[in-house]
Amino acid sequence: MSELYQSDKAVVDRMLGGDEAAFEHFFDTYFSRLYRFAVTRLDNDADGAEEVVQTTLCKAIARLATYRGEAALFTWLCTFCRHEISAHYARHQRTAHEIPLIEDAPDVRAALESLGAANADGPDERLRRRELANLVQVTLDCLPERYGDALEWKYMQELSVHEIAARLKLGPKAAESLLTRARQAFRDAFAAVHAGAEAWER
Amino acid sequence: MSDQREPGFPKRPLPDDGDYIGPLLRLAGPREAVPADRMRRVKAAVRAEWRHQTRVRSRRIALGWSLGVCVAAALVLLGVRLAVRDDPAVQSPRHDLATIEALSGAVRLVSSSERAAEPTLFQIGDPIREGDGVDTTSGGLAALRLAGGASVRVDQGTRLRLLSEATLALDEGTIYVDAGGTRGARTLEVRTAVGVARDIGTRFEVRFIGSALRVRVRDGLVRLSQSRQSHDANPGDELTLDGNGSVVRRTVPVHGADWAWAVALARPFDLEGRSLRDFLDWIAGENGWQLRFADSTVEQNSLTTILHGSIQGLTPDEALSAVLPTVGVEHRLENGVLLIQPSAGGTNN
Numbered sequence: 001m002s003e004l005y006q007s008d009k010a011v012v013d014r015m016l017g018g019d020e021a022a023f024e025h026f027f028d029t030y031f032s033r034l035y036r037f038a039v040t041r042l043d044n045d046a047d048g049a050e051e052v053v054q055t056t057l058c059k060a061i062a063r064l065a066t067y068r069g070e071a072a073l074f075t076w077l078c079t080f081c082r083h084e085i086s087a088h089y090a091r092h093q094r095t096a097h098e099i100p101l102i103e104d105a106p107d108v109r110a111a112l113e114s115l116g117a118a119n120a121d122g123p124d125e126r127l128r129r130r131e132l133a134n135l136v137q138v139t140l141d142c143l144p145e146r147y148g149d150a151l152e153w154k155y156m157q158e159l160s161v162h163e164i165a166a167r168l169k170l171g172p173k174a175a176e177s178l179l180t181r182a183r184q185a186f187r188d189a190f191a192a193v194h195a196g197a198e199a200w201e202r
Numbered sequence: 001m002s003d004q005r006e007p008g009f010p011k012r013p014l015p016d017d018g019d020y021i022g023p024l025l026r027l028a029g030p031r032e033a034v035p036a037d038r039m040r041r042v043k044a045a046v047r048a049e050w051r052h053q054t055r056v057r058s059r060r061i062a063l064g065w066s067l068g069v070c071v072a073a074a075l076v077l078l079g080v081r082l083a084v085r086d087d088p089a090v091q092s093p094r095h096d097l098a099t100i101e102a103l104s105g106a107v108r109l110v111s112s113s114e115r116a117a118e119p120t121l122f123q124i125g126d127p128i129r130e131g132d133g134v135d136t137t138s139g140g141l142a143a144l145r146l147a148g149g150a151s152v153r154v155d156q157g158t159r160l161r162l163l164s165e166a167t168l169a170l171d172e173g174t175i176y177v178d179a180g181g182t183r184g185a186r187t188l189e190v191r192t193a194v195g196v197a198r199d200i201g202t203r204f205e206v207r208f209i210g211s212a213l214r215v216r217v218r219d220g221l222v223r224l225s226q227s228r229q230s231h232d233a234n235p236g237d238e239l240t241l242d243g244n245g246s247v248v249r250r251t252v253p254v255h256g257a258d259w260a261w262a263v264a265l266a267r268p269f270d271l272e273g274r275s276l277r278d279f280l281d282w283i284a285g286e287n288g289w290q291l292r293f294a295d296s297t298v299e300q301n302s303l304t305t306i307l308h309g310s311i312q313g314l315t316p317d318e319a320l321s322a323v324l325p326t327v328g329v330e331h332r333l334e335n336g337v338l339l340i341q342p343s344a345g346g347t348n349n
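First to last, the protein sequences are chains A and B. Residue numbers for the first sequence follow the working numbering, beginning at 1 and rising by one. Residue numbers for the second sequence follow the working numbering, beginning at 1 and rising by one.
Read the hints as simulated data drawn from the structure, not as lab findings. Values in this document were obtained by computation on a predicted structure and should not be read as measured data. In this text, a Cβ means the ideal position worked out from N, Cα and C, and glycines have one as well. Be aware that one or more of the hints could be misleading.
[Claimed, not checked] Below 27 Å or equal to it, Euclidean Cα-Cα: the simulated BS3-like pairs (lysine-lysine) are:
| no. | chain 1 | residue 1 | chain 2 | residue 2 |
| --- | --- | --- | --- | --- |
| 1 | A | K169 | A | K59 |
| 2 | B | K43 | A | K169 |
| 3 | B | K43 | A | K59 |
| 4 | A | K59 | A | K9 |
| 5 | A | K9 | B | K43 |
[As the list claims (entries may be wrong)] Stretch by stretch, here's where chain B covers chain A in the computed footprint (C-beta under 8 Å, at least three residues):
| no. | stretch |
| --- | --- |
| 6 | 36-48 |
| 7 | 52-58 |
| 8 | 70-78 |
| 9 | 145-152 |
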């Protein structure tokens, strides 16, 4: 079990013991990410996403004791969520749309191609930029907890390290260290996407 | 065309230094924030499910320990039983007449056995045997499920004994009975020192304090008997009977704060896979509300809309707020009428 998943497992163990703070941490960490995961796969159906995520979390909590820390907790929750999305489509007698997913090689390729076309301004380029934006946001959601937030605060809100440290309730050195790890994690994620796209092209 | 704020993204391969992260994130923009009301609703439901699961898990763990102890105890009992099997003083076992379904605070066993020296506190799931009962005079609350299916909720300050499957003895205090139409034509009888209340398929409260017996009826019919006199109470009736035979009748609401203690002890509704109509019938019944629909389409849709998730641990208001928006309807509660209508911002389909 990696160190990262050990911390996920520790949160789960505390929840299993009835620790209210652990539940708060769990919900605050994963709800928004799962909601975005669901809503992009439900054709931006906000009500459907709410229903799916609520069911996902309730069912995952009922099976919490089976989480063994062999995958990231978010990945584990996404497994439940995918199942609920399929069930949602089945209940509404609809066929699932082809929603661009980070792990789908054709979409990864399209998004990566848009890296070189981001300055252009035609309709195709605007569409590609939207796809790229989705891809970046999904990558942020897939990063370990707080990494995505820290990167957003740093690069979008342009907060100082001290401000980020205050939000994370860390010292400045620890915050700087977390930012370094967050940047590395983001680079790794994009490198993996890049490798996936090249493999698909071959 | 070039925009100073538009980042010039690198052609593949991506650079190693991570300098592109800032421009890339600024291009993508912030991630979508989930509306606070959605987050609040889901959090309430998920928290309730988590608390329920935590309680269930605790009970299983306790049961696991208990099983080990029980196996050992069973072996000892087997030996004892073999030793006394021919003893004529050993009586046949008494029947289990009810089960403890919910508890709050300390609820003690009222035992008919003279051998019971120490007070015993109930746990959820404990059976109550013929002749035994519950004591909440130290401040607890309890919900019992009778073997026939009726729900009996016991308020604080009460001593109640179970004489048979259909006969309760209220020594003092307050109980609420929901016959729930589960016992067929069999009448449930609540005996007190002053008189006897018999239900005819109904929900009602019986309070016996001092020398006064008070019965309030939510629905159905209750017959109150004293010596050779009897008085019928209908929905919304309150009858108070004293030891001298005088009766006072008045009208009371069948919903509201006076019934809240009994609502709080209701068995949680298992939402998963049930229809919206089932949920609405349950919540209206438990609270004494009349259920109304804005139109026939909303009513029809309530029969076919299947719900998912959990409302355990939520109050009725919280449950309505958590469930209804997910299926495109909303509610209004006025003067005990629960009106279900299409939500203002959505459709009920």
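Checked hints:
1. Proposed proximity of K169 (chain A) and K59 (chain A) is contradicted: the alpha carbons are some 31 Å apart, above 27 Å.
2. Using a Cα cut-off of 27 Å, the hinted pair K43 (chain B) and K169 (chain A) holds, with the two alpha carbons roughly 23 Å apart.
3. Distance check on the hinted pair: K43 (chain B) and K59 (chain A) sit about 14 Å apart at the alpha-carbon level, within 27 Å; holds.
4. Distance hint between K59 (chain A) and K9 (chain A) is fulfilled; the C-alpha atoms sit about 17 Å from each other, no more than 27 Å.
5. Under the criterion of a C-alpha separation no larger than 27 Å, the hint pairing K9 (chain A) with K43 (chain B) is consistent with the structure, at around 21 Å.
6. For the stretch 36-48 of chain A, the proposed coverage by chain B is satisfied: 4 residues have a C-beta within less than 8 Å of a C-beta in that chain, meeting the threshold of three.
7. Coverage of the stretch 52-58 of chain A by chain B holds. Counting CB-CB distances below 8 Å, 5 residues qualify, and the rule asks for three or more.
8. Residues of the stretch 70-78 of chain A with a Cβ under 8 Å from some Cβ of chain B number 0, which does not satisfy the need for three, so the listed coverage is violated.
9. Look at the stretch 145-152 of chain A against chain B: 3 of its residues bring a Cβ nearer than 8 Å to a Cβ of that chain, three or more, so the hint holds.
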